[in-house]
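Chemist: In order, the protein sequences belong to chains A and B.
Positions 15 to 395 (the working numbering) are the ones given, in order, by the first sequence.
Positions 5 to 354 (the working numbering) are the ones given, in order, by the second sequence.
Hints were generated in silico from the structure; no laboratory data involved.
Check each hint, because a few of them may be wrong.
[Said to hold, decoys possible] Just a sample of chain A residues kept apart from chain B, beta carbon distances all over 12 Å, derived:
#: 1; residue: Asp120
#: 2; residue: His183
#: 3; residue: Ala294
[Claimed, not checked] To give an idea of the chain A side of the interface with chain B (calculated C-beta under 10 Å), a few residues:
#: 4; residue: Arg102
#: 5; residue: Glu320
#: 6; residue: Ser323
#: 7; residue: Leu325
#: 8; residue: Leu326
#: 9; residue: Leu327
#: 10; residue: Arg347
#: 11; residue: Ala393
Quick caveat: nothing in here was measured; it's all calculated off a predicted structure.
Beta carbons: idealized from backbone N, C-alpha and C, even for Gly.
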Amino acid sequence: MVSTAYLDHAASTPMLPEAVEAVSAAMREVGNASSLHATGRRARRVVEESRETLAFALGARPSEVVFTAGGTESDNLAVKGIYWSRRRTGRTRVLASAVEHHAVLDAVEWLVSHEGASVTWLPVDDLGRVDEDAYLDALSDDVALATVMWANNEIGTVQHVRRLADAAHEFGVPFHTDAVQAVGQLPVDFAASGVDALTLTGHKLGGPLGAGALLLGRDVACTPLLHGGGQERDVRSGTLDIPGARGLAVATALAVERQPETAARLSSLRDDLVKRVQDAVPTAVHNGDPADRLPGNAHFSFPGCEGDSLLLLLDARGVEVSTGSACSSGVARPSHVLVAMGQDEPTARSSLRFSLGHTSTADDVDALVEALPAVVERARR
Amino acid sequence: MKLLAAMSGGVDSAVAAALAVEAGHDVTGVHLALSEAPATLRSGSRGCCSREDARDASRAADVIGIPYYVWDLAAEFQASVIDDFVAEYAAGRTPNPCVRCNEKVKFAAVLDRALQLGFDAVVTGHHARVVDGVLSRSADPAKDQSYVLAVLTPAQLAATVLPLGPHTKDEVRTLARARGLAVADKPDSHDICFIADGDTAGFLRSRLGEQPGAVVEDGVAVGTHQGTYGYTVGQRRGLGLTVPAADGRPRYVLSVEPVSRTVTVGPVAALDVSTVLTDPPVWSSPRPLPLACTVQLRAHGMVHECVATADGAGWSLALTTPARAVAAGQMAVLYDGDTVVGSATIRSAA
Numbered sequence: 015m016v017s018t019a020y021l022d023h024a025a026s027t028p029m030l031p032e033a034v035e036a037v038s039a040a041m042r043e044v045g046n047a048s049s050l051h052a053t054g055r056r057a058r059r060v061v062e063e064s065r066e067t068l069a070f071a072l073g074a075r076p077s078e079v080v081f082t083a084g085g086t087e088s089d090n091l092a093v094k095g096i097y098w099s100r101r102r103t104g105r106t107r108v109l110a111s112a113v114e115h116h117a118v119l120d121a122v123e124w125l126v127s128h129e130g131a132s133v134t135w136l137p138v139d140d141l142g143r144v145d146e147d148a149y150l151d152a153l154s155d156d157v158a159l160a161t162v163m164w165a166n167n168e169i170g171t172v173q174h175v176r177r178l179a180d181a182a183h184e185f186g187v188p189f190h191t192d193a194v195q196a197v198g199q200l201p202v203d204f205a206a207s208g209v210d211a212l213t214l215t216g217h218k219l220g221g222p223l224g225a226g227a228l229l230l231g232r233d234v235a236c237t238p239l240l241h242g243g244g245q246e247r248d249v250r251s252g253t254l255d256i257p258g259a260r261g262l263a264v265a266t267a268l269a270v271e272r273q274p275e276t277a278a279r280l281s282s283l284r285d286d287l288v289k290r291v292q293d294a295v296p297t298a299v300h301n302g303d304p305a306d307r308l309p310g311n312a313h314f315s316f317p318g319c320e321g322d323s324l325l326l327l328l329d330a331r332g333v334e335v336s337t338g339s340a341c342s343s344g345v346a347r348p349s350h351v352l353v354a355m356g357q358d359e360p361t362a363r364s365s366l367r368f369s370l371g372h373t374s375t376a377d378d379v380d381a382l383v384e385a386l387p388a389v390v391e392r393a394r395r
Numbered sequence: 005m006k007l008l009a010a011m012s013g014g015v016d017s018a019v020a021a022a023l024a025v026e027a028g029h030d031v032t033g034v035h036l037a038l039s040e041a042p043a044t045l046r047s048g049s050r051g052c053c054s055r056e057d058a059r060d061a062s063r064a065a066d067v068i069g070i071p072y073y074v075w076d077l078a079a080e081f082q083a084s085v086i087d088d089f090v091a092e093y094a095a096g097r098t099p100n101p102c103v104r105c106n107e108k109v110k111f112a113a114v115l116d117r118a119l120q121l122g123f124d125a126v127v128t129g130h131h132a133r134v135v136d137g138v139l140s141r142s143a144d145p146a147k148d149q150s151y152v153l154a155v156l157t158p159a160q161l162a163a164t165v166l167p168l169g170p171h172t173k174d175e176v177r178t179l180a181r182a183r184g185l186a187v188a189d190k191p192d193s194h195d196i197c198f199i200a201d202g203d204t205a206g207f208l209r210s211r212l213g214e215q216p217g218a219v220v221e222d223g224v225a226v227g228t229h230q231g232t233y234g235y236t237v238g239q240r241r242g243l244g245l246t247v248p249a250a251d252g253r254p255r256y257v258l259s260v261e262p263v264s265r266t267v268t269v270g271p272v273a274a275l276d277v278s279t280v281l282t283d284p285p286v287w288s289s290p291r292p293l294p295l296a297c298t299v300q301l302r303a304h305g306m307v308h309e310c311v312a313t314a315d316g317a318g319w320s321l322a323l324t325t326p327a328r329a330v331a332a333g334q335m336a337v338l339y340d341g342d343t344v345v346g347s348a349t350i351r352s353a354a
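Extracted from the complex, chain A is given alone in its bound form:
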């Protein structure tokens, strides 16, 4: 294939050159940030400057940054750690939206099956937004934790996190949000959002794979998943990945600084994509909130088609997209997000996500729109 149109930035977006440079520079240095000698102090300085950079970019305090190995670890740490700490106070119910990423969904289900938790899954409307009446009804003083993502990774719908967090606090319930897709695409300010814990990861915003963070409010008790040297305020032991932290901080700072122009450019490109896909395939249905969604996200159902057939045919034409959710064996299952939004299984299986990022151009959209009609025709059952 001569050229590739990469329309899967929500899976992983290219690293920013500045982040590659920062990671490379940090990799040339020796040092354990926990060592007491001069080399250790130099390493610690890189870590702490990275922590400050990250905190400043996201409206958090440096002490609220817990470096992790990525979004899945941050979600697991928040969900399990906060649950374990609150369980001692007799609170054992978890509120979680039905459209969470599997890193939250499966962590909650594990708490239910192994740790004595109960769960109230929060329903969503047909745009994928959490039903706030149901949420308010579910809140009470037996709830250990509420968790609702900032913006959905499949259909892009943005949740009203501030309102949800405020309501939780009236019942003394800590609120976690998975903001993996939001940082760099939407304005994200930890303090202003009112949330108690926030997940982010590097490779969705131009940073390295395998580097993420949990922003964790200073007064939020969280039992560790990993025990050991007591790094990261005793919540996440393990020798710090200095190149990872550095790359994450540099990329986050740039992504946040550029967010307004990125959002404007991507939403205009995305709106063009949506309109042209609908013109090219009149039966295509655009899913999610038409306005209040991630700037780089477009998500369509193609009635009568199998999503994985569409993916195969587009891939053969150099157009790279996603069916939304794949389990580890690579089997495309009907998306739990679309099912929660009320779609039937055949419709849920007929969908594709197109996600744009900082390297996307009009050429990528052209390639998609050019390939799509014949592909949909071929894949139609």
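Given chain A, put chain B in place with the hints provided.
Modeler: Here is chain B on its own, set in the frame of chain A:
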């Protein structure tokens, strides 16, 4: 041609895909996910269905340099193979699930989808040959799988590519090693892929429940059983007889009758049959009847000379020399030399 290679994660299908690429075809690999809840690691001698097997398949595709996808056919496999397997045993027959999988899944659901998506044919790692739409035996008699492919119609065979036909299994492993395929030394699979522990009777018991009945010889009860599905014609072990045979010789299952829950046993000589009646056949390479040919009555079984004549819509096969322990539900596959003529499900034998 644009070919879709079914890749189980084993050495045969990996080499088949590689040979298809080397023959100049445009090849795409797919792994068929046949289990709703795949095990993480392979166990026993099963050849597919675990995530480890899926990984082996994707590694092979990467090394060969072809696109690779996973297709979820768990629902089709459940309905066409597993449910059919249980129903056939419940009806007193001995099914061959690999035949059913080829007939209903690999060369039906998968082939149909491949053709719809613009592929010209399906490539598999079966040890058999298809030349100009005619199916015949592999160069490796010990590994020949023409028996389990004999259910394919001429239309299906026309869209089937079997690159391993001219090669022995040893050659296939050598070819795999020469291409850097890590599955070169992966053990052969031979158990039923959806019965993890190999305990077929236990698998059937868990689905059909206990259905106790009598074990009978010459009309006299000589023991009891917990379900006819635990017995296959020709079986000698595990009969649980409480009355010793008059002649002191071993007893074998002669027939299984699920409605009356009767398992009939008898001496070895009573297993011999010389006439086999079948359901309507599938002709892979049609011939006029009556036909003097050879017949194979089970996978990896010996061949018998016979004369096939029409019997209603099915065949009546008159064997020149008797065959032992012929189970209803297995396939009778007719051969002309090494060429497959057709196949039919065995209805009865006497």
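Chemist: Each of the hints needs a verdict: does it hold here or not?
Modeler: Quick rundown of the hints versus the structure:
1. Distance check for Asp120 (chain A) against chain B: the nearest CB is about 15 Å away, which clears 12 Å, and the non-interface claim stands.
2. No Cβ of chain B comes within 12 Å of the Cβ of His183 (chain A); the nearest lies about 40 Å off, and the non-interface call holds.
3. At roughly 19 Å, the least C-beta separation between Ala294 (chain A) and chain B is larger than 12 Å, which holds for a residue marked as non-interface.
4. Hint on Arg102 (chain A) is violated. Least Cβ distance to chain B is approximately 34 Å, over the 10 Å limit.
5. Hint on Glu320 (chain A) holds. Least Cβ distance to chain B is approximately 8 Å, under the 10 Å limit.
6. Taking 10 Å as the C-beta cut-off, the interface hint given for Ser323 (chain A) holds, the closest approach to chain B being about 6 Å.
7. About 8 Å separates the beta-carbon of Leu325 (chain A) from the nearest beta-carbon of chain B, less than 10 Å, and the hint is met.
8. Nearest Cβ of chain B to the Cβ of Leu326 (chain A): about 6 Å, under the 10 Å cut. The hint holds.
9. The beta carbon of Leu327 (chain A) comes within 6 Å of a beta carbon in chain B, closer than 10 Å, and the hint placing it at the interface holds.
10. This hint holds: Arg347 (chain A) has a C-beta 7 Å from the nearest C-beta of chain B, less than the 10 Å allowed.
11. Residue-level restraint check for Ala393 (chain A) holds (minimum Cβ-Cβ distance to chain B is 7 Å; threshold 10 Å).
The structure is inconsistent with hint 4 alone, although it conforms to all the rest.
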